[in-house]
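Chemist: Line by line, the protein sequences give chains A and B. If you're matching positions, the first sequence starts at 1 in this note's numbering and goes up one per residue. If you're matching positions, the second sequence starts at 111 in this note's numbering and goes up one per residue.
Bear in mind the hints are in silico, worked out from the structure with no lab data behind them. Watch out, some of these pointers could steer you wrong.
Stated by the list, open to error - Below, simulated DSS-like cross-link-like pairs (lysine-lysine); rule was C-alpha separation at most 27 Å, straight line:
| hint | chain 1 | residue 1 | chain 2 | residue 2 |
| --- | --- | --- | --- | --- |
| 1 | A | K97 | B | K180 |
| 2 | A | K54 | A | K97 |
| 3 | B | K167 | B | K119 |
| 4 | B | K167 | B | K124 |
| 5 | A | K97 | B | K167 |
| 6 | B | K167 | B | K180 |
| 7 | B | K181 | A | K97 |
| 8 | B | K181 | B | K167 |
| 9 | B | K119 | B | K180 |
| 10 | B | K119 | B | K181 |
| 11 | A | K97 | B | K119 |
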Amino acid sequence: GIQVEQSPPDLILQEGANSTLRCNFSDSVNNLQWFHQNPWGQLINLFYIPSGTKQNGRLSATTVATERYSLLYISSSQTTDSGVYFCAVELMDSSYKLIFGSGTRLLVRP
Amino acid sequence: NAGVTQTPKFRVLKTGQSMTLLCAQDMNHEYMYWYRQDPGMGLRLIHYSVGEGTTAKGEVPDGYNVSRLKKQNFLLGLESAAPSQTSVYFCASSGREYGYTFGSGTRLTVV
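When you get a sec, could you build the whole thing from the sequences and use the hints?
Modeler: Following this line, the structure appears as structure tokens:
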């Protein structure tokens, strides 16, 4: 089956720093989504991004489908950005199932 | 607009007991999913549904059953709970253009 790999697995930042999270996938996909899981366990959809670049405030994402990777940029990080960031790819069938990577655990220190 | 609601939020079962987790969505989504999340891992798909009356197996379906009798509800059943089913269970629904919406999760412990 398709493999979804995220890097780095863990990341510690000082408040105000910038970071880039990467997601590689092993096969063609219909779509890609980025999620943030906050320390209370809630999963929030950040981006629905099959290709190109999208921005939402301090966060932006770029997916290069032809090269099978996506990047999530976090600028001017805040302590509330802490949590786990998941990349998930949508398989090319009619079910719209998502296959998740194992996540990047981010800790932003004040 | 509640989105996706999961009940219960917490549950402790004894080995061999059965239970049903309920997922309800009010967004008129066709697609619904059950995932489990284990420590240090991403989410793994248990079962999913592409419409009322349909269900299909995901990556880790063994030990679970599901039903989608109404479009807005997706039930996950454990017939005979095992300690290996201790996990956090997430339900999600999909409206295609806007991606997934997840429920807040059910933390299940099997002792």
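Chemist: Hint by hint, say whether it matches the structure.
Modeler: Taking the hints in turn, this is what the structure says about them:
no., hint, verdict
1, A:K97 / B:K180, "holds, 20 Å"
2, A:K54 / A:K97, "holds, 22 Å"
3, B:K167 / B:K119, "holds, 24 Å"
4, B:K167 / B:K124, "holds, 25 Å"
5, A:K97 / B:K167, "holds, 11 Å"
6, B:K167 / B:K180, "holds, 18 Å"
7, B:K181 / A:K97, "holds, 18 Å"
8, B:K181 / B:K167, "holds, 18 Å"
9, B:K119 / B:K180, "holds, 22 Å"
10, B:K119 / B:K181, "holds, 22 Å"
11, A:K97 / B:K119, "holds, 24 Å"
No hint from the list above goes unmet by this structure.
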